[in-house]
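Line by line, the protein sequences are chains A and Y.
So the first sequence is numbered by my numbering: it starts at 1 and just counts up by one.
So the second sequence is numbered by my numbering: it starts at 1001 and just counts up by one.
Certain hints may be false.
To be verified - Simulated restraints on C-beta separations:
no. : chain 1 : residue 1 : chain 2 : residue 2 : range
1   : A       : Asp95     : Y       : Glu1015   : 18 to 26 Å
2   : Y       : Gly1205   : A       : Ala134    : 40 to 48 Å
3   : A       : Val152    : Y       : His1073   : 41 to 49 Å
4   : A       : Ala69     : Y       : Pro1129   : 54 to 62 Å
Hints are computed from structural coordinates only; laboratory data are not their basis.
A virtual CB, placed ideally from N, CA and C, is assigned to each residue, including glycine.
There are 2 protein chains.
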Amino acid sequence: MHPLDAATKLETSGEKLTGATSDAYWNFTGPFGGATAAALLQAAMQHPKRQNLPIAMTINYCAPVAKGAFDIHVSEKRTNRSTQHFAVEMTQGADTIITSTSVFASRPEGFFHTSGKMPDVLPPEKIDPPKAKAPLAWIDRFDMRFASGFPVMRGKDDAPLGSARTEVWMRDEPRRKMDFISLMNMSDAFFARPFHVLGRLITVGTISMTTYFHCDEADLAEVGDDYLLGVADASIFAKGYADQTAWLWSRGGKLLATSQQMLYFRDKAFVPGDKK
Amino acid sequence: MHPLDAATKLETSGEKLTGATSDAYWNFTGPFGGATAAALLQAAMQHPKRQNLPIAMTINYCAPVAKGAFDIHVSEKRTNRSTQHFAVEMTQGADTIITSTSVFASRPEGFFHTSGKMPDVLPPEKIDPPKAKAPLAWIDRFDMRFASGFPVMRGKDDAPLGSARTEVWMRDEPRRKMDFISLMNMSDAFFARPFHVLGRLITVGTISMTTYFHCDEADLAEVGDDYLLGVADASIFAKGYADQTAWLWSRGGKLLATSQQMLYFRDKAFVPGDKK
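The shape of chain A in the complex, shown without the other chains (with noise of 0.2 Å):
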């Protein structure tokens, strides 16, 4: 079974759902957010009322994950003729871990028009792997090949600060055909921008991430187990807290996904920057 495929596995029992944290995507002191957010997506399309496709989710981490089992619990909110909603939260013992909503919704065809711009960048296969080996497991269930923003470490106080902004192209590893739980997983791969801006290793951490869907069942086939580019930038560093925008294109040129995130972030040292 597919790493991803184990970290998203769901037993139903009683009211609720059953899983368990996955050692394959490991990071500091828990499993890789995004797993986590695929996760509690997959129990909302286990629903069996759930109709449609998935269009928006937002995931909100209250507590770190413990390493072990967690529940998870989904509830209907609304179903319309072509919109549905439910809330689901995970938990562990008596202590809510996450809350998250999702919305699923029929996709109707019609006016179509991509307004952003995919950045033109070399292709995934002209580009190394990054040659350090990784040092938290769930990085290594990702290929990644960086065509920009790859973070630098500052080596001092006074150096120029990182860019916000990379572009990396991104494939399950191993190869995984796409799909709406890989997505909603690859959604949150990126390297947190505080550690890109300020160069070193801090203590990060996501606190709510929301991404939305732009794609069918046909646009995910299309793209198969082939790369994605991923594309995230970030427009403040404020009070111990940064934001991160991120898009998602098949090489082909769709626009698979788009996700935003807050996390925070606490560097103990003081490091010049914009004051403004």
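Assemble chain Y onto chain A, guided by the hints.
What follows is chain Y alone, placed relative to chain A:
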């Protein structure tokens, strides 16, 4: 009482809060979504155990809000040392109308960097308000000065598509001191992107919106009742839905909030465009 305070006025009634829709913020078929979001944020902020400042709020519009009374249910999901999570729902009778989640956090001092760029535009005093009388009540609740991207009707189907980007100075009308409630309300005050791009008055509606706050109370006090510069853009219009990303800047160059939303659009007539 200011119309926004009236629209977000809540009374405690046992375990829930009650409020009522405001004609002053009326939209096509219900109240303006921003005012509804502001009422839900107000509900979370009034929770007796609320601590710290709003940092992220997601609202899912499950069904049109009917004119009249509504109930809001606030559930404290998790309270940590520096972050706190609520689930907030609006109901009318037995129907779920809104699901939402909100996150509060303490905002420590430390590294500060604005990687986004505030556009260099004319000051609001040099820009006339739109000449046409606003067709909907909520539009009159904002003093809007379009620096760029005022929506233009497309006369013919083969006319070029409009730009998805808008830069607009906005303040509450009548003027009101900036706070988190006003910021939440304003983060939804952009005209729908499909309307700008298609240049037609078509059926649109927000289905899900997330706003991130990058400010504290001192930043808001600095704004007073001055204009904010709102920037809105979109990446894609596909299969009946479009995205929107927005930035709200103080005149002094502080990025106070960022927001994204997905909205549906239904255009019966086929409009030529980028078929990619």
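**Asked** Checking against the hints above, which ones are violated?
**Response** none
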